[in-house]
Amino acid sequence: MDDPALAAIAANRFGLGARPGELARVGKDPRGAVGAQLAGGAPQLQDAALKSSADILSQALQLRRERRAARTDASANADAAAVMKVAQLYKPIYADETSARIRAALATERPFVERLTYFWNNHFAISVDKAVVLGLAGSFEREAIRPHVLGSFSEMLLAATRHPAMLLYLDNQISIGPHSQLAERAARHASERRLGINENLAREILELRTLGVAGGYTQADVTSFAQILTGWSIGAESGRLADGKSGEFVFRQEMHEPGAQHVLGKRYAEDGVAQGVTVLSDLAQHPATAHFIATKLARHFIADEPPQRAIEHLTRAFRDSRGDLPTLYGALIALRECWAQTFAKFKTPAEYIISSLRGLELPENFADKARAAFALLGQRIYAPGSPAGWPDRSADWDGASAVLKRIEWADALGQKMGTHRDAAQLAPEWLGAGMSAATQTSIARAASGSQALTLLLTAPEFMRR
Amino acid sequence: MRLIKRREFLAGAALATGGMLLTTGIAFAGSGTRRRFVFVILRGALDGLAAVPPYGDADYARLRGEVALAAPGAPRGALQLDGLFGLHPSLAFLHESFAAQELVVFHAVATPYRERSHFDGQDVLENGCARAHAVQTGWINRALAALPPNHAVRRGELGIALGQNVPLVMRGPAPVASWSPSHLAALDEDTLQRITDRYSTDALLSQRLADALATQSVASAALDEPLMDGAADERVPAQLLAQREAGNIRRGAPYKEIIHATAGFLRSDDGPRVAVFDASGWDTHANEGGAEGQLAARLAALDAGLRTLKEELGPVWRDTAVMVVTEFGRTAAVNGTRGTDHGTAAAAFLLGGAVDGGRVIAKWPGLSARALYQGRDLAPTLDLHSVLKGLLADHLQVPTRALETSVFPDSAAVKPLRGLVRA
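Line by line, the protein sequences are chains Y and A. Just so it is clear: in the first sequence, position 104 is 104 by this note's numbering, and no numbers are missing. Just so it is clear: in the second sequence, position 72 is 72 by this note's numbering, and no numbers are missing.
For the record, the hints were derived by calculation from the structure and aren't laboratory data. Do not take every clue at face value.
[Stated by the list, open to error] Here are the computed lysine-lysine pairs in the DSS-like style, where the Cα-Cα straight-line distance is at most 30 Å:
(1) 256/A - 85/Y
(2) 415/A - 91/Y
(3) 130/Y - 415/A
(4) 369/Y - 256/A
(5) 245/Y - 130/Y
(6) 28/Y - 91/Y
(7) 369/Y - 28/Y
(8) 416/Y - 51/Y
[Unchecked claim] If you want the footprint, here are the derived chain Y segments under chain A, 3+ residues with CB under 8 Å:
(9) 18–29
(10) 59–68
(11) 438–444
(12) 449–458
Beta carbons are placed, not taken as given, at the ideal position from N, Cα and C, and that holds for glycine.
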C-alpha cells in the first residue's frame, strides 16, 4: 500500500478523524507520526471549571445531610424542598465534563492519545445510568484513566479500582467482611441485618478488567477476592462511620475481612489494604490479562475478528514489558495488520460524530450542541449501560435503524454547514488516497453545497475508519 | 437498485391496512401466519425470588430477611398464585393475567449456562447453544429462517428488533427489521436517492438503508400517520385513544415508546410477526428493596408496559404470546449490602391471549442449604430450552427437525414442553 493511503489510516483509525491539513502533516512517515504522539506526558483536560471527584462527592454528601436534617427537623424553618437535590448537582457537572471532553477531541493535536483514553475508559467502564455516576464519570476519566494512559496497566488498574466512582458503581463502598470488627459489633447488638460482602466489584475486575471471562477463575476466587476488597471504601468526615477525607478513597479497617485468602491458587496473607493491592498487581501481570487486553486492542485497531498472529504479538509485548503501555502501543503501531486495509472498522456513533466535527473544523463552542448527538445516535457519553463498556464490533452498531439515523443526522449537519464548507475540497482532506472514484463523483455531481456535504458525510469510506 | 419512493410506500401501506380491515380474521386463517410472538430480555439478571416469591417455602423468609415479601393477604404482601408461589405486589397486571388464565409462570428455570457472567449469560440466552460465543446468530432468527416464506409479510421480514441495533437473538440468515424512534427530519428524496446509488456497491450499507426505509414506511403507517378514513382509530381501543389525546401516555416513560411501536408493528397484517426488545436495570447488587424500593419500581414499570402492550394490541392480543426472560437468577440469600449477587436459576413469564395460562410450572427444588446450587443459588430444575422449543413448535409451528438441529443445536436430549398455548 502506498504512503498516501497510510496517512488516511494514521488519522482515521489511530486518530479521531482527519482535520483539514492533518494528512499533509502526517506526510510520508505515518507510523512515525502516530508514534510521535506518545511523547510528552499524558494530556489533561484544560478547564478550570472541572472539579475533583472528592469535591463533588463531599458536596453531594453535604447536600444529603442537609436534606435529611430538613426533613426530620419539622419544628425549624427547614424546608427539604429548598435544598438542592443531588441530581441537580450532578447534571451541570455532567454537562461541563462532556463539553470539555468534546472540545478536547476537536482541538487535540494528539488524537491517538485521546483515542487510547477512550479505549481505556471503556475498558474500565462505569455508566451514568446509575445516578451517582452522572456526577463522577468525567472526574473518573480525568483522575483514574488519563494520568495512566501513557503509564502502566498495573497503575491504571489500581487507580480505577480504588476510585470512588468505581467503588460506588459496583457497590463496594458498603461491602463488609462477615467477620470484620463492624460485623461482629453489629452481631453483638443483635442487629437484624446481617452485614456481609457484595461480590460485584471483585467479579467484574476478574471478568472485565483483567483475566477475561475465560481467564480460568472460579466462584471461590470471586468470593475470596471480594473478601479481600472489603474495606475499600469512601471517606466521610462526620457521621457514624466517619473515617478518612470526605469523598476520597479510604481503607476502612473495621469493615475489612481479617485473615488470609486464596485467589487463583495463591495465598494472600492478611495485610490490610496491601492484600488487595497485591492481588491487583498479580492480576495485572497474569498471562490471561495480557491475552485479554491484546485481543481487545487488536479488535479496536485492526478488525472485528483480528488475526491470531497480531493478538500473539501484542500479548508478548504486554507480557514482556509487564504491562508498560507505551511499549504495547509501539508494538501495535509496528503491526503490519493495522496498516493493511483502509476503512476496515465500522465507526461507532461516537467515532462518527467526532470525526465529522473534526473534519468540519467546527468551533469549540459547538461542543454543547454536539452532546445531544451522542445520545441521539445511540452512544450517550459515559453511558454504556453496563460495566462491560460499549461493544466494539460492526454488528453492534450497524443496525438498519442506526444507519438511517446516522444518515439523517449527517444530512442535518450537511444542511447547516453546506454553505460554509466545500465538500469537494474537504473530501481528499478527510479520506486521502482512500477515497473511491464513486464518492468523488457523487460529491462532484451534487445539486447543492449542502447535498454535497451530506454525501461526503454519508460516504461508505467515512462511515468507517 | 431503484428505491421505491417513500410516499408510494406510505400509500401502499395505508391501502393494505385499509383492505385488511375488511377481512380481519379470515384472510390469515393459518395460525402460523396469524400468531404473534414477543420476546422481552431482562438484561442484568432479574431476581426471580423477588419477582415470584416462594412465600410458602419455609426457608424463604430466613434467606431474604428484611426484604422478604409478606404472604398474600398482608399489606403489600405477595399476590397469590398458589399455596407456594406469589407474585411481587408490583406485578398487578401479571396477577390479573394469571387469573384470566393468560399467564404461565416458570420458576427454577435456566439456560444451560452455569457460570455467572452477565455477558456470557446473555450470549447463551440469545445464541440458543449450550455455551457462550458458540455461534454468531440467535435462535429466534434461526427459527424464522426455518419457517415457510410468508408472502403476506412485507419484504419477508418476519422479525423486528425494537432498538437501533439488532440483538444477537435476532441476528442470522433470516431478514429482519430494526426500528427505533427518530426525532430527526427525514431526508429529501433526491438526496436519499443519491445516497442509495452510492451505496449500491457497498453490500452492508445498501442492505441496511433499504431495510431501514422499508421499516420506516411501515412505522409511519402503523404509528404516526393517521390512516385514511379513520381506519387506525377502529383498531385502537377508544379508551386508549382518549388517554393518548389527553397526553396521559408519556412518550418518555420507560418502555412506553418501545411498546407503542411494538404493538403498532404487530397489529399490521403485513408487518412482522415476532418482536424483540430489551429492558435493563435488573442488576440489584445493593439496596434492592422489598415490597417497595428500587426493584419494586422497575417491576411496576415492566408490569405497566406489558399492560399497555395488551391494550394496544387490541384484537391481536388473542393471537399473541409474550415471553419475558432474564440471563440467570440471583443468590438465594441477601448479600451484605441489602442486594443479591449473580446466581443461577430464575423465574420467567409467558403471557398473552394465546397462552394456556393460570399455571405455575416449576419442579421446586426448595431453598434449604442442601437444595441450593453450589450452596448459594436457586437450583435449576427446568431447562429454558425445553420451554422455548415447545413454544416455538406450538405457537409458531417451527418444524421439530429444525428445532433439534438448527434452532437449538445442542438440545436433542431436551424434550419440548408442549401445550403452553391454546390450540
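Comparing the hints with the structure gives:
no., hint, in the structure
1, 256/A - 85/Y, "holds, 27 Å"
2, 415/A - 91/Y, "violated, 52 Å"
3, 130/Y - 415/A, "violated, 41 Å"
4, 369/Y - 256/A, "holds, 27 Å"
5, 245/Y - 130/Y, "holds, 24 Å"
6, 28/Y - 91/Y, "violated, 45 Å"
7, 369/Y - 28/Y, "violated, 36 Å"
8, 416/Y - 51/Y, "violated, 34 Å"
9, 18–29, "violated (count 0)"
10, 59–68, "violated (count 0)"
11, 438–444, "holds (count 3)"
12, 449–458, "holds (count 4)"
The earlier numbered hints that this structure contradicts are 2, 3, 6, 7, 8, 9 and 10.
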